[in-house]
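Residue numbers (the numbering used here), protein chains in the order written: chain A, 1 to 390; chain B, 1001 to 1227; chain C, 2001 to 2206; chain D, 3001 to 3195; chain E, 4001 to 4451.
Think of the hints as simulated: they come from the structure by calculation, not from any bench. Possibly wrong hints are sitting among the right ones.
[Claimed, not checked] In silico lysine to any residue, SDA-like type, Cα no more than 20 Å apart, as pairs:
#1 1145(B) with 1211(B)
#2 4445(E) with 250(A)
#3 1105(B) with 3094(D)
#4 4193(E) with 1014(B)
[Claimed, not checked] Some chain B residues close to chain D (C-beta under 10 Å, calculated; not the full set):
#5 1074
#6 1076
#7 1114
#8 1132
#9 1154
#10 1197
Virtual Cβ for every residue (Gly too), placed ideally from N, Cα, C.
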Amino acid sequence: MDGLAVGPYHRVLMTDAVSPVIKRWQTRALIIGVIAAILSFIGLFLNRPQFFHSYLFAWLFWSGLSFGALVLVMMQFLTGGLWGLAVRRLSIAAFMTLPLMAILFLPVLLGLHDIYGWSNGARAEAEGYHHKAQYLNAPFFTARAIIYFVMLTVFGVALRKRMAEHRDVRAIPALSAGGLIVYVLCMNFASTDWVMSLDPVWYSTVFVEVFASGQFLAALALMTALLVLFTYQFSLGDAVPVKAFHDLGNMLLAFVIFWAYVAFAQFLIIWSGNLPKEISWYLPRSSGGWQWFALALMLGQFLLPFALLLSRTAKRRPRSLAIICIVIVLANVLMNFWFVAPAFHPRVYVHSLDFTELLAIGGFWFALFFHFLKQRPLLPIELTEEHRNA
Amino acid sequence: MHSRSDAADMGQLFRKRANAIARLTVVGIPLIIIGVSGCFYAFARSSFWTKVDAPVEQPVPFSHKHHVGDDGIDCRYCHTSVENSAFAGVPPTETCMTCHSQIWKDAPVLQPVRDSWQTGAPIKWVRVHDLPDYVYFDHSIHVNKGVGCATCHGQVNEMPLTFKTQELYMRWCLNCHRHPQQFLRPKSEVVSMDYRAPSDQLTLGQRLLKQNNVHTAGLTDCYTCHR
Amino acid sequence: MRANPDRPAVRPYRASRAHMNNQSPTTDHQSPALHGVMAEFTQPEQLLSAAQRAYAAGYRKLDAYTPYSVEGLAEAIGFCKTRVPLVTLIGGIIGALTAYVMQWYSAARDYPLNVGGRPLHSWPAFVPITFELTVLFAALAAFIGMLWMNGLPRPYHPVFNAPEFKLASQTRFFLCIEANDPRFNIDEARQFLQGLNPINVSEVEK
Amino acid sequence: MVDQQHLKPLAEDGFFSDDRGSRVPPAHTVARGQLRDDEQFYTGKIGSDLAATFPMPVTRELLNRGRERFDIYCAVCHGYTGNGDGMIVQRGFPQPPSFHEQRLRDAPIGHFVDVITNGYGVMYSYASRVAPEDRWAIAAYIRALQLSQHAPASDADPATWQNGRARPPGAPKSDSPRNSDGRPSGRPLPPSTND
Amino acid sequence: MSTEVQEPIVAPGYDNESVTRKITDVVLTRPVHRGWLGGFAIAFLLLMMFNYAVAWLLYKGIGVWGVNIPVAWGFAITNFVWWIGIGHAGTFISAILLLLHQDWRTSINRFAEAMTLFAVACAGTFPLLHLGRPWVFYWLLPYPDTMGMWPQWRSALVWDVFAVGTYLTVSLIFWYVGLVPDLATMRDRARSKFLQLIYGVLALGWRGSARHWKRFHVAYLLLAGLATPLVLSVHSVVSTDFAIAIVPGWHSTIFPPYFVAGAIFSGFAMVLTLAIPIRKYYHLEDFITIKHLENSAMVMLATGLMVAHGYLTEGFMSWYSDDKFEIYLTLNRMFGPYAPAYWLLVTCNVIVPQAIWFKRIRTNPAGLFVIALLIQIGMWTERYVIVVTSLHRDFMTSAWAIFHGTRWDWMTLIGSLGLFATLFFLFLRVLPAISISEMRDLVHKKAKAAA
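One chain only, chain A, in its complex shape:
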C-alpha cells in the first residue's frame, strides 16, 4: 500500500488493498466463533439452564449492536452530519448481520422454558396475569420476533441496496423515517418480550428507551472505535477529518447523557413510587452483589465517558476517543448482563458460559460484519466532499 501515488482517501476506496486484511480478520473471527461455540455447546450438556441464561445475555448484546447500527444509519440519512458519514459504511456492514442475529435467536426459543418463567403458563390464572398470559406465550412471542426481524431486515437491505446502486436515493430519507418508526414500534414490544418479561410482574413505559438508547450507544461506540482502528491500520491519515471524530465524540457524549437520563428517570420514578410491582425490577438488581454491577454500569456507561468526553482534546484525538468507546462498549456488555443475570441469581453469579457464548456469537457477528465490510469502500464518497468544503 505504501508508495502508491494516490491520496489517502483513494487508498480507502481501493478495496483490493484493504479487503485482504479484512478477509484475514474475518477468518480469525470465524475461528474464534467456532471454537467458542463448541465450548459453549459442551456447556449445554453440563448446565442446560445456565447455557440459555448466558445465551440470552450474549445475544442481546450482539443483536443490540446490529439494531443500533441500523438506527445510526437511518438517523444519519435523516439529519445528515459528519459524524454519521464517517461511520456509515461500517454501520451498514454492521446491520447486515441482522439476518444472522435472527437465526441466532433460535436457541432463545429453544430455551424458552429455561429463560422465561411465564413460558409454562403456570401463573396465567393468577390475579394480574390475564393479559400477560395473552401476550406472553410461546407462539405469539415467536411470531413477534419474526415480525421484528423481517421488518427491520427489509428496511436495512433496502437502504443498503439503494446506497450501493445509487438508485432511488430520493426515497432514502423517507425510507429512513419509516424505518425509524418501525424500529421504535418493534423495540417497544421487543424490549418487553426479551428483557422486561424476565420479571413478569414488572412493567415500565420508558424501558424501551433505556433499551434502544443502549443499543444505539453501543453501536456508535463500537463503530467509532473501529473507525479509529482502521484509520491507523490502513494509514488513512486525514481521510477522516478530525472534525468527524470531534462530532462523533459529541454524539457519544449526547447519547451517554441521554441513556443516563432515561435510565435515571426510570429509576427515580420507580424509587419514588416504591410500588411492589415496579420496584421488583430494582430490588434483585441492587442487592446480593449486583449493586456493584449497577455502580460499574453507572461509572462505565455514564460518569467516566461523560467526564472524558467533555474534553475537546479527548474528542479530537482518535486514540483517546477509541479508549472511551471501548469503555462504553464494555459497559454495554455489563448492562445486558445486569439486565439478565439477576433474574436468575439473587447473588452475584458469573459463569464461564457467559464468556464463551459472548465470544461465540461475537465471532460470528464479526465474521459476517467483515464479510460485508470488505465488499465496499470503508468511507463514503461524501466524506471527501464534506472534507473539502470544511
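Since the structure of chain A is provided, determine the placement of chains B, C, D and E on it from the hints.
Chains B, C, D and E only, in chain A's frame:
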C-alpha cells in the same frame, strides 16, 4: 479633556466616570439585594415584629409581679385548666372577684372588673401568646412532661404587665423538641418561678426523659404539632 | 449621529487634539493622552491579514474591533487561550457541591424528617436539584467570568473617540496599535498602518 | 391559616351579643359524661345532711393530691397550716376561721366539700376551679391538718413513739420544710406509688 | 444524502450594511404602525383581564377556580405545563441547533429565545398563584427561616422551583449575552440621545474587541452546552410532579422524555405561530425563509411522533400491566366523561401533524400556521387530560368528581396569552428581533461560499 459635543461626535457616549458608576452598579445591585433581604431577615427577628419584651396593653393593668411575685399565688389558682387541657385558661371575672370583692374593692383601676361582674359581660383580655391556628399546642402535655411555665413564659413573677419573652417561631419550638433534655425539670418544679437549672442539666434531662416517658423520636414529626 | 451608508468611504485624516497639544508625541510614546493609532477596513479578511502583519512586525499591544466574531482574529493578535471554560467548570463544581451538601445537610442532619419511609439521605431525590444548581452556577460563572475578563461593563473607552468608530458595531473593521506597546512610535505606527491599505488611519486620544 | 375559621377557647366572637365564643351550657342540660348523679360525691351531702364519710377510700395519694390543691387554692387565705393567716389575709382580706377551731374539727367531712362547692360567707364558690374529686382530696387534707395539731396520743403506736420514730401528738408537722411565711420551699412531696 | 435542491436560509444580495439596516429599522426608524398598535391593544386588554382575574383570585382565594378535592390541580397546572413546554423550543433552537451547527437557526433564535423567556414568565405565574398564598413563595427557597424548616427535597414540586428558576435565569443570561453586541449596534445607530443612553447602558460598553469576541464566543457556546441538558431536565422535572406520585395516569416512567418531546412539539408550534405573521408583517421573508418554516415543521413532525409513541406505550403498558386501576384509567380517558378532550388531543397531536409529511403542506405558511395552532390546542388539551382525568377518578368511588374550569379559569388562561403577547409586542418594538451580528457573519459566509 474634551467637551461633550466633541465626544458625541466621536461616538463617545459616556464620560470617564461612567466606568466607575457602571462598576459600582454591578457590584452594588447584588449588595443592595443582599442588604434588603438582610433587613427583612433582621426585621422578622426584631422585637418590633415579634413583640418580644413589649408589654401588652390590657383593659385592666393586671400585674403578675404583684399576684405571683409578691402574693405568691400559684399559677394554677387562675390558670386552672393548664394541667389537663390544651388551653391553660384565662380566669373568669369570678376569680378576680374572689378576693377583690373584699380588698381593693373601690380601686378605680378595677372598675372594669366590677362592671364585668355586674353586667356579666366578660373582660376582653388581649392575648399575649397567640400561636397560629394551624399549630396544635397543648399545655397539659408540656406541663406534665416537665416543661416549666417559666421556660416558655419567662419570669412572669417579675412582669408588672405581661409580655412575651420568646418569639414563638417554629424554630424556637424545634429548639426544645429536638433536645428536650436541655429544658426539662422535675415535675414538682414545673410551676416554680425560682427554679434554676442545675449544672448537670443534661444528666438530669436524660433521666427525666425516661422518667416522664418522653419519646424524642416523634417530637419533630409534622403531625406532632400540625394536625 | 446616525451612520450614513452613502457617505464617502475615505475621510481626510484628522489629527486628534491630543496630538496637536503634544509637541513631540514621537519621542514621548508614553503620552498619557494617546491611546493608540487606529486603522479602518471594509473587509474582515483585510483586517485579519493586517492584524497578522502587525503582530509579525512585533506589535503586541494590539486590538481589533469588528461587528461580528471573525474567526482567527483573536489568535492573530496573539490571544489564544481564554479561561472562560475553566471558570465555568469551577462554577459548575461549586454548584454541584453546594446543592448536594445543602440537601444532605438540611434533610439528613439539620432536620431529619421521616417522609414516607424514604431514607433521610435520599440520593436519588437529590439528583435533580444538584443538576439544576450545577447548570445555574456554571452559567452564572460563564456569564460573570466573561464580563469580568472582558472588563465590562465599561461604557467609556478611548477607542470610542476614534472617528467612525460607531461603524465598528455595524459594518467596518478596525485595528488599533496601542500606545503602551513597548515598540510604539506614533509615526512608525501610522506609517505601518497606512501601508496595510486601510480606508482611514487616525490617532485615538485617551 | 394563621387565623382559621374556628374559635380558640374563650376567644371573642361577634355571633352572640355578649361576644363570647365559648357558650355557657343552657340551664338543665347535661353534657356527655357530666351527669352528676352521685349526690354525696358531688355535693358532700346525703339528702339534706352533710356527709360524714368519704365516697372513696382515703389513701396517701389522695392526701398528697389534697395537699397540692390546698396549697394552690386554699392556702392563699387559709394559710398553709390552716390557721387562716394566708397572704391575702395579710393584704386585708377578712380573716377566715382557723381549721383548728373545735367547731371545724367537729364538722362532718361533707362540710368542707360543701363550702368549696358553694362558698361560705365572703368565700366564693370554688366549683369552677376545683374538681369534685379534688374537693374531697382537699377535705381529707384539711382533716390531716387538723389531726396534725390535735391528734390523740392513742393514735400513735406506743412502740414507735417510744423509739422516737414518730413525734408526740401536737408537735408541728414538718415532714416538708417550710419557709418562714409557710410556703413550701420547693422540695418534692413524698413520692407516692403512682407519681 | 438528499439531492433535493436546498432552499436558502437567507436570501442572496445582503451585506453587513443592509442586514444591519433591515433589522434595526424595525425598531429605530419604522413608525408605530396601526397593525402593531391594534395587536398591542388587544394583547394589553387581555393582560388587563389577566390582572383582573388574578386580583380577584388573590382577594377571594383559589376557590374561585373550579379546583377542589379530588381534582385539586385544574387549569393552573395545565397552563403551567403548557407554557413551560412552549418555552422549550426557544432553547432548543438557540442552544441545541447551535451545537449541531445548524446555521438556519440564526435568523430565528433571538425571537425564539424571547418567546422562551415570556413563556416561562407566563408559566411561572401559575404555580405561584396555585400556592394559595403567593406572597410567601419564598418559603420554597432554602434559607434559615424562622420555622427552622427546609424545603422538602424529596418533593418534585421543590425540584420544579429549582428547575424553572434555573431555566429562567440561564435563558435570560443566554439571551442577554447574545443581545449585547446587537445592543451596541442599536446604541450606535440610535438617533436620539435618550435611546443612545438606554442602549448604551444595556450594551455595557461593548466595543467589538477581538479578545472580547473570543471570550464571548466561548461563553456563548458554553451557555449553549449548559442550556442543552437544561431543556431535557426542565420538562422532565415538571413531569415528575406527576410521575413520582402513585396516581394512575401520572405514575408512568416514560413521562420525562415524553413531556420533553411534547414540550418541543408545542414549542415549535408556537415558533411557527409567531414567525409566520412576523415575517409577513415586517417583510422578513428574506431572513425567515420557507426553509426555516419547513425545518421547524420537520422538528414538529418528529417530536409529534415521539408524543404519539408515548400515547401508544402508555396504552399498551396499561393493558400489559393487568392493573385494574391502570386499565380503568385508560378506558376512562378514551370513553369516559372527558372522552371528547382525549379524542381532540389525539386528532390535533397525532393525526394533524401527519400532514407535514407532504412537502406541499410543509412549505405553505398558511397551512403550517393552521397546523401549528391546532397542535397548540392539542397540547394544551393533552395536559388538561393528564391533570384532570387522572384525578377525577380516585381509588375510592366516594371521591369521584367532575371538574370544569370556571370563568376565572378561562380568564386566567386567555389572559396569560395577553401577558405573553404584550411582552412579545414590546420586544418587537424595542429590541432587534433577529441577531444582527450572527446574521452578518452568516451573510458573509454565504457570500464567500457562493463566490
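The hints, checked one at a time:
1. 1145(B) with 1211(B): Answer holds: residue 1145(B) to residue 1211(B) is near 9 Å, not above 20 Å.
2. 4445(E) with 250(A): 24 Å, violated
3. 1105(B) with 3094(D): Judged against 20 Å, a Cα distance of about 13 Å means the pair holds.
4. 4193(E) with 1014(B): Roughly 11 Å separates the two Cα atoms, so the pair holds.
5. 1074: 4 Å, holds
6. 1076: 5 Å, holds
7. 1114: This interface hint is violated because 14 Å lies over the 10 Å limit.
8. 1132: 4 Å, holds
9. 1154: 19 Å, violated
10. 1197: With Cβ-Cβ at 14 Å, over 10 Å, it is violated.
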